[in-house]
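**Student:** Numbering-wise (the numbering used here), the sequence shown opens with residue 5 and increments by one.
Since the hints were made in silico from the structure, they are not lab data. Virtual Cβ for every residue (Gly too), placed ideally from N, Cα, C.
Restraint ranges, calculated between C-beta atoms of paired labels, are given here:
no., residue 1, residue 2, range
1, Leu14, Gln40, 43 to 49 Å
2, Thr36, Thr12, 38 to 44 Å
3, Ala22, Gln42, 32 to 38 Å
4, Ala53, Phe18, 45 to 51 Å
5, Met10, Arg43, 51 to 57 Å
6, Thr52, Thr7, 56 to 62 Å
7, Val11, Ser46, 49 to 55 Å
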Amino acid sequence: MKTTLMVTLLCGLFAASAASAATTAATAAEKTLTPQQQRMSSCNQQATAKTLKGR
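Using the sequences provided together with the hints, build the complete structure.
**Tutor:** Listed below in structure tokens is the structure:
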């Protein structure tokens, strides 16, 4: 009984981690910067190059 329960829990844990990894990989592939995010990134890089800081 204990062995069956342990095997079931381990299989569930494995399945959950595999599903999570697949979701994370798909989400990372879909992330592209919007035009606004591209402008912000460019501006931040320029400010860093000029050693500008916020408040």
